[in-house]
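Trainee: Here is what each chain is made of, one letter per residue.
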Amino acid sequence: MIQKDEMKELAWAARIAVGEKDIPEFQDKINKKLAYYAVIADAPADGVPKTVNPSRLNTVLRKDAVVPSMSVEDALKNAPDVHETSFKIPKIL
Amino acid sequence: MIYENPDGIMIGLEVHVQLNKAATKMFCSCTTDYTDNDANTCLCAGCLALPGTTPVLNEKSIEYAIRIGLALNAEIEEETDFFMKSYFYPDLGNGYQVTQFDKPIVKNGSVIIEGEDGELKVRIRRAHMEDDPGKMAHFGTIEKSTGSIIDFNRSGMPLVEIVTEPDMRSAKEARRFLDKLRSILEYLDVFDGSREGAMKADANISVNVFNGQRIDGTRVEVKNISSHKAVEKAINYEIMRQKDSLRKNKALVQETRHYDEDRNITIRLRVKETADDYRYFPNFDLVPMIVGDRVEGIRSKLPELPDAKRERFVRMYGISDAHAKSLVTERAFADLFENVAAKTDPKIAASWVADTVKGELNYRGLPVTSILAEDVITVVDMVSRKEISEESGIIVIRTLLDDGGKPLDIVKDKGLAMVGGDAITTAVKEAVAESPEAVADYKAGTEKALNFIVGKVMQKAKGKTDARLAREMVLKELENV
Amino acid sequence: MTHTISKFKTADGKAVAESLEKIKKDGLGTFITVMTDCESAKTAGSGPLAGVPVAVSDNISTKAVETTCASKIMKGYVPPFSGKAVDDLEQAGAVIVGKTNMAEFGIFGAPSAYGPVKNPWDKTKKGGPSGSAAAVAAGEVAAAVCSDAGGILRVSAAYCGTTAFKPTYGAVSRFGLIYYTGSLDQIGVTASTVSDVAAVMDVLSGNDSRDTTSLPSKTDFSGKIKTGKSDDSGKTCESGNNPLSGVKIGIPNEYLEGVSSDVMERFEEAVSTFEKLGAVCEKISLKTAKYAQSAHDIIAAGESSAMLAKFDGTRFGPRADADNWHEMIAKTRALFGPAVERRIILGIYLLMAGRYNDYYMKSMQIRTLIIEEFESVFKEYSLLIAPSAMTAAPDLGVACAGGCGEELSSYSSAMAGTDLAGLPVAAVPCGFAGKLPAGLQIIGGYQKDADVIATADAFEKATDFVKAPEAV
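Protein chains in written order, with this note's numbering: chain A, 1 to 93; chain B, 1 to 481; chain C, 1 to 472.
A few of these clues could be false.
Derived coverage of chain C by chain B (criterion: at least 3 residues anywhere in the stretch with Cβ under 8 Å from a Cβ of chain B; other residues may be distant) [claimed, not checked]: (1) 19 to 25; (2) 78 to 86; (3) 203 to 217; (4) 305 to 311; (5) 439 to 453.
These are calculated hints, taken from the structure and not from any lab test.
None of these values were measured; they are calculated from a predicted model.
Think of the CB as a built atom: it goes at the ideal place given N, C-alpha and C, for glycine as much as any other residue.
Just chain A, same shape as in the assembly (with noise of 0.2 Å):
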């Protein structure tokens, strides 16, 4: 069960300002969905080896030739902030 303060660390951790009081909703709606989870306890899974993706391909490898880029105006066109040819932000600390 995720507490209140635990919620609160996680949505930081995912840096997304949560509101006060919509917390007591993300804590129950995920708590729910922990408890459902439970029933993947007992699957068989033991020394089974893992999936990670359904593609039946391995070793999927491109050759060491450059494409031109892109255009520093397409790069930067969606930017909310720019510096000269550089994406500006708010101080980092």
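Fit chains B and C to the given chain A structure using the hints.
Mentor: Chains B and C only, in chain A's frame:
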């Protein structure tokens, strides 16, 4: 058994190496040659982590990682895969780094370095592939900035992170490890160390002896050190700081510190992270990489590595181990030597290439490509045939590096051809005649007085004669006085 | 009157204009963006879809056209490139008239920031989590391309009475698809008929070197319809014959749980139809079915926590005001809808070091068990069938049946299982529950896409369920 130094210092390194000899980045076809370009001009939507792009692994990344593993005497994983390592940081567009976790492509290797007390085997725990984030710059310092800017040209550069066991016991050993590693990587042709950001290291340092007693040291990580010199300084600072804390009975904490090169100190970074849980999990955008079948093909094409080359040089050319060691640090240097040695006496070639040419290049900060083997051969030949003096030979080398040209022209232009026969006989006679006091001193048994007279001969011949020859002739002349 | 590709083709060059007009008039909420200037309509050429108006879901990147994934966090984002599916459609001469509405980021149970899709059969009912099916049913477009994680496309097709197909994982490149769960999502198609769906699938098929998981060779989706072969036995499906003779079809009991009685009746009639066509239908049991939705949900949560991390207001998209970057991204990321936020937070929780083995690792192991069980079932049975949706379209404003109430990432264990195994599935209409369509799904083994399509085609030809609602 591993030697322990009095402070029980244990140093481990994590070295991030850019595979910048690959033409393209790790998961996209953008160029790796971005250094001289404007910010955000060498990238694609994938490098920028725009939504809707998918990664495809560069075959060279795999090949280069295997080359590195083999050169580090390590095991290569038969089937390897990638994980995502999640954290939020502005230069990490995707919010996760693609890296490896429990099946690194390389594990259990070693590198032999010259330790404080002879040969030291530094064990390599693992080496794994990962992609580089972009690059951030701050307006002002990171601690007091008003804002930052990000350039994603570097984003997606292929990296191999090489992790050692904590086998090094001094900053000097750590530096020697890095020098050796760099040399190996350049031999492998996977890496150009001269490019900015090509190699970075994190160092784990602990002091495990205090007041002569064995203690459980505290492992402190110093991150993101950019040069070999800085690694040495950062480690020395950190050892001092830890010993000082122990002496003052201040508690050390297991932490990550940042090396401030300008101030030569390590500092704790204030980071607003609750805990370092990177939530590693398998990268579902990629498929398993079965690489075992590539290993033997790659091994068969591995170049001769520095240690093997050094042994061969001593064995094959009869040169000193010191010369051999100096010659093999750079592959191009070793090649230069072999080209010169093929046409001249190898021992003389070793001395000219390892001492003179290398010294003059280093002094000027020039790469070995700045000089041609055929020119060095000409110089060595001329000196051997006593057409020019050794001193003149050095002048020719310097002139080649500073002004260019060809050795024969330089000798002619500068009038360096050895002064022979009558001219030197005259110079010797004059010098003896002009130095009655020195002659008297010599006769009285003061050996040093001879040097004064020889010096005078050299002066008169303007260096265009051989000092040994001049000495012999002065001795002969003195017999007649 | 059904809205087939050939009907749009014969619209005398006015198809695109009529399509745009209809989208405007219908007011079904099927589209997020409608192209006002369809340049490509004038240069359609002579490809297989020349001049045909089609739609793509709003999580498929379209160069120079806003792509929002039905999320506020993507508002104003204009991709500098198009997805492979978009390029393929345009190459074939199709005219993309707009971007369809969908669950936010295609996450089952996450409401669109642009409101719900209304059902063209009854505007008080849901059109499903993808606007693609409603757009096709209403005749707004001839076909729509949409991703199908958790069954958003198949369920929508069932609600609206269209035909949909999700191919084997890797058959259509994901390049340009803004997927939230890369290992479970696959681009599919909905249209009025099986042959139309197959024709569009053929256009989308083929290797793309930009997507690691893209299958190396082109899948021939419509091949068996054209040659008249319904399976590998070489039998033909000429009308009057028994085109499915010798075909064994399994009906997993677990896939029938929770199905409403009216949908169940239609399904049972459909089973009789398959039998009349020569197939042998048998009830079977899938032991792993009960784990499928949990495993799907856990994997989707983990993958979404990574895939949705890039939405941080740094390089694109809206940005909230704050004096430092970490606060800025946290406020910006509050633009996700609450269901999406919960999914990300859940993913982070499940992937943390102490829990990883019990949840995420276990789910990846269950995934192996599910794939293995399907493989063994498909040794005995050619195909599996099940109802697509458990009920007919529910009322607007109420949580739909299946996983919606619990915010599960899949509609049902059938949807979850087929996603986890990457299997091809066709969803076809199988009659009406009251005035609303009911649908069934036909599931095939890995890369047995053409068999699934041929069987769906045989079923369609033997029945009369391809219908369009009266003009909405």
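Trainee: Each hint should be assessed against the structure and marked as holding or not.
Mentor: So, going through the hints one by one against the coordinates:
no.: 1; hint: 19 to 25; in the structure: violated (count 0)
no.: 2; hint: 78 to 86; in the structure: holds (count 4)
no.: 3; hint: 203 to 217; in the structure: holds (count 5)
no.: 4; hint: 305 to 311; in the structure: holds (count 5)
no.: 5; hint: 439 to 453; in the structure: violated (count 0)
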